[in-house]
Every structure is written in structure tokens, then in C-alpha cells.
Amino acid sequence: MKRKKFGLLPKIVVAIVSGVVCGLFFPDWLERIFITVNGLFGNFLGFIIPLLILGLVAPGIADLGKGAGRLLLITAALAYGFTLFSGFFTFFTCKLTYPLLLSSSDALTDMGEQAAGLAPYFTVDMPPVMGVMSALILAFTLGLGMSVIDGGRLKAVMDDFKDIIDRVITAVIIPVLPLYIFGIFLHMTKSGQVAGVMGVFLKIIVVIFVMTVILLLVQFSIAGAVGRKNPLRLLRAMLPAYITALGTQSSAATIPVTLEQTVKNGVRADLAGFVVPLCATIHLSGSTMKIVACSMAIILMSGGELQLGQYAGFIMMLGIAMVAAPGVPGGAIMAALGLLQSMLGFDETAQGLMIALYIAMDSFGTATNVTGDGAIAVIVDRVNGRCQTQRS
Numbered sequence: 001m002k003r004k005k006f007g008l009l010p011k012i013v014v015a016i017v018s019g020v021v022c023g024l025f026f027p028d029w030l031e032r033i034f035i036t037v038n039g040l041f042g043n044f045l046g047f048i049i050p051l052l053i054l055g056l057v058a059p060g061i062a063d064l065g066k067g068a069g070r071l072l073l074i075t076a077a078l079a080y081g082f083t084l085f086s087g088f089f090t091f092f093t094c095k096l097t098y099p100l101l102l103s104s105s106d107a108l109t110d111m112g113e114q115a116a117g118l119a120p121y122f123t124v125d126m127p128p129v130m131g132v133m134s135a136l137i138l139a140f141t142l143g144l145g146m147s148v149i150d151g152g153r154l155k156a157v158m159d160d161f162k163d164i165i166d167r168v169i170t171a172v173i174i175p176v177l178p179l180y181i182f183g184i185f186l187h188m189t190k191s192g193q194v195a196g197v198m199g200v201f202l203k204i205i206v207v208i209f210v211m212t213v214i215l216l217l218v219q220f221s222i223a224g225a226v227g228r229k230n231p232l233r234l235l236r237a238m239l240p241a242y243i244t245a246l247g248t249q250s251s252a253a254t255i256p257v258t259l260e261q262t263v264k265n266g267v268r269a270d271l272a273g274f275v276v277p278l279c280a281t282i283h284l285s286g287s288t289m290k291i292v293a294c295s296m297a298i299i300l301m302s303g304g305e306l307q308l309g310q311y312a313g314f315i316m317m318l319g320i321a322m323v324a325a326p327g328v329p330g331g332a333i334m335a336a337l338g339l340l341q342s343m344l345g346f347d348e349t350a351q352g353l354m355i356a357l358y359i360a361m362d363s364f365g366t367a368t369n370v371t372g373d374g375a376i377a378v379i380v381d382r383v384n385g386r387c388q389t390q391r392s
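In the working numbering, the protein residues as written are 1 to 392.
These are calculated hints, taken from the structure and not from any lab test.
Do not rely on the hints blindly, as some may be mistaken.
Cβ-Cβ distance ranges computed for the label pairs, FRET-style [said to hold, decoys possible]:
id	residue 1	residue 2	range
1	R70	L96	32 to 42 Å
2	P120	G309	33 to 43 Å
3	R233	V129	50 to 60 Å
4	P240	D270	14 to 24 Å
5	V148	G309	53 to 63 Å
6	T141	V21	26 to 36 Å
7	A312	W29	21 to 31 Å
Heads up, the beta-carbon is just placed ideally off N, CA and C, and yes, glycines get one too.
Model the full structure from these sequences, guided by the hints.
See the structure below:
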């Protein structure tokens with residue numbers, strides 16, 4: 001009999017619950033073991049993040065550029081536009097609602113001060129080979145360069161490098177994440193902050209779910225207006241893709257269903273076959289919404305301020321950095337860690353909370369992404385039809 005796979009989300013839930021329970025009775029010497037493990041894993045994350053950005057973003061941009069054409073330009077512009085809209089819509093919504101939802105008791109103070117004297121048994125320095133921004137600039141330069149020249153040999157090297165990074169994520173980072181998150185919640189329980197954090201988790205999940213509904217209504221209203229179709233009927237036809245994505249947690253795995261439902265919405269089959277697989281890689285409205293909303297909550301809990309100028313740059317870079325997010329649960333947050341660190345100043349604890357929050361809602365973000373792909377396909381189909389009519 002085939003063994004049923006225990007997914008990442010259940011592992012994260014078990015890790016959080018176990019960390020809270022064990023934090024009630026673990027002695028300090030045992031907690032220090034997990035502090036040591038978290039310190040080693042955190043240092044490894046700091047080392048791998050620039051390489052992760054380089055390995056994921058450069059090949060993704062190169063692949064995107066080599067398919068240059070009118071349809072690609074229209075689809076990429078719509079996908080990036082929807083992603084930007086999602087990010088800024090999330091920022092302004094959360095900036096208005098979070099002060100009402102998050103009280104002073106939800107503050108995330110410095111756990112190091114509250115657990116003074118607890119230090120790892122040993123540490124291993126793992127300095128990164130380059131800074132995060134250097135990795136981003138190098139990735140953009142190489143990706144755009146490979147799309148302009150016929151750099152077959154360099155592209156092959158970068159594809160191999162991307163495969164290595166994918167293996168590191170799937171074979172090292174993802175399996176260790178539950179243990180890492182267990183250590184974070186163990187430490188927060190010992191320092192007396194876990195109740196506030198869990199309360200914030202529930203509030204954020206409700207807020208994000210409501211925002212995803214509004215986002216999809218806006219996207220399909222635009223698609224309905226452009227395509228001259230009933231937006232609610234368009235959205236209803238995409239519900240099977242939404243439900244499938246909830247179960248698979250993967251845009252790529254949902255492509256067959258997304259394609260079928262997109263064609264049912266009146267999009268030509270050949271055009272849907274181009275737009276839907278492309279959008280599965282470059283359209284990340286739901287993922288952007290989750291990352292922006294969760295990061296804003298953590299900044300407020302840490303006593304920081306939400307600044308539009310800071311988040312504007314973060315949102316615009318996020319829409320690019322996640323283009324080549326691997327097809328694994330939580331891939332987008334892995335690709336975004338470098339930006340969270342360099343542009344928002346997130347430390348190891350904040351990054352761990354971001355990972356836990358993101359993965360807890362991974363299905364909803366993926367479902368929002370793939371459902372929105374159907375709206376983009378309707379718009380592209382209409383715009384492309386107009387272009388062909390004008391030419392004839």
C-alpha cells in the first residue's frame with residue numbers, strides 16, 4: 001500500500017503546537033540545544049539566501065526574455081500589474097486595519113532580553129559570499145544578458161545551479177523548517193510571548209482571507225469589463241481551479257484544471273495554453289498579499305513603523321524576485337527572504353515567524369494566484385483579438 005505523505009503544513013502545525021507545549025516544562029539546558037540548532041540553521045539561511053536569489057532569479061529572467069513577443073509582453077505586464085496592485089492594496093488595507101486589530105499586548109519584544117543567560121552551546125559563522133542586493137543585481141544582469149545574447153553555455157550552467165538550489169530547498173531547508181519553527185515557538189513560550197503571537201496569527205489569517213476575496217472580485221471585474229463578460233460567471237467557472245490549488249499547494253500542479261476552466265470561459269485553447277503556464281510562474285498576487293500582510297504585522301509587533309516609501313520598493317522588487325519561485329510549498333517565501341532581510345531588516349526570529357505564517361496560509365495564496373490567471377487569460381484574449389482585427 002502507498003504511504004500517505006505527511007505534508008509541510010501539518011508538520012508546521014505540529015511544530016508550533018509542540019513548541020508551545022514543550023516550552024511550558026523544558027529545562028534551560030534542553031532549550032539551549034534547540035537554540036544552538038536554530039543558530040546554526042539561521043546562519044545557514046544567511047549564507048544561502050544570496051545564492052538562492054542568484055540561482056532562482058537569473059534563469060527565470062533568461063527564460064522569460066527568450067520568449068519575447070507581443071503576447072509575452074502583454075501577459076507579463078498584466079501579471080506584474082496585478083501583483084503590484086495586490087501589494088499596494090494590501091499595504092493600505094493593513095495600514096488602516098492593523099492599528100484597530102493589533103493591541104499593545106501583541107507587541108513582540110526582544111526575546112533575548114527576556115531569556116537572558118540562555119545562549120547556544122556553540123556557533124559556526126557562515127558569512128555569505130555576497131550581499132543580498134549584490135545577488136539581486138547580479139541575477140538581473142545575468143538574466144537579462146542571457147536573454148539578449150545566445151548564451152547557451154552560461155544558461156546551461158545557471159540551469160544546473162538552479163537545480164542545485166532547488167535540491168537545497170527541498171532536501172535541506174524544507175525538511176529542517178519544522179524543527180526551526182519548533183525552536184522559535186519553544187523560545188517564545190519560555191519568554192512569555194506566544195499567546196500574543198498566536199492571537200495575531202488568527203487575526204492575520206482572517207484579514208488575508210477577506211482581502212483575497214476582494215482581490216479576486218477586482219481582477220474578474222476588470223476581466224469582465226475588458227472581455228465584455230459577466231465577471232461573476234467568469235469567477236464561478238474558475239472555482240474548480242481554486243479548489244484544486246487548495247489541495248495541491250502548487251500553481252504548476254493545477255495547470256491542467258486552470259487550462260480547462262479558462263477555455264470554458266471562452267478563451268481560445270491555443271492562447272490559454274500559452275498564458276496559463278506562463279502565469280503559473282510570473283503571476284503571484286496571492287503570494288505577494290500574504291508576504292506584505294504578514295511582514296507588516298511583524299513590524300508592528302516589533303515596535304516598528306510602516307512607511308510607504310520603504311514598502312513601495314519592497315513590493316516592486318518582490319514581484320520580480322518571486323518570478324522563479326520553485327514549485328514546492330513555501331517556495332515564494334524562500335525567494336523573498338533576502339528582500340525581507342535587506343529591505344525590511346528582518347532578523348532570524350522575524351524570518352522564522354514569516355515562514356510559519358506564510359506556510360500556514362500557503363494554499364490560499366496559491367489558489368488566489370491560479371484563479372487570477374484565468375482573469376489575465378480573458379484580458380489577453382480580448383486584447384490580442386483587437387490587435388489582430390486592427391492588423392487585418
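Hint check:
1. R70 to L96: 32 to 42 Å: Distance hint for R70, L96 holds at roughly 39 Å.
2. P120 to G309: 33 to 43 Å: holds (37 Å)
3. R233 to V129: 50 to 60 Å: With a Cβ separation near 52 Å, R233 and V129 satisfy 50 to 60 Å, so the hint holds.
4. P240 to D270: 14 to 24 Å: holds (21 Å)
5. V148 to G309: 53 to 63 Å: Since V148 and G309 have Cβ atoms about 32 Å apart, the given range 53 to 63 Å is violated.
6. T141 to V21: 26 to 36 Å: violated (49 Å)
7. A312 to W29: 21 to 31 Å: Between A312 and W29, where Cβ atoms are some 47 Å apart, the hint is violated.
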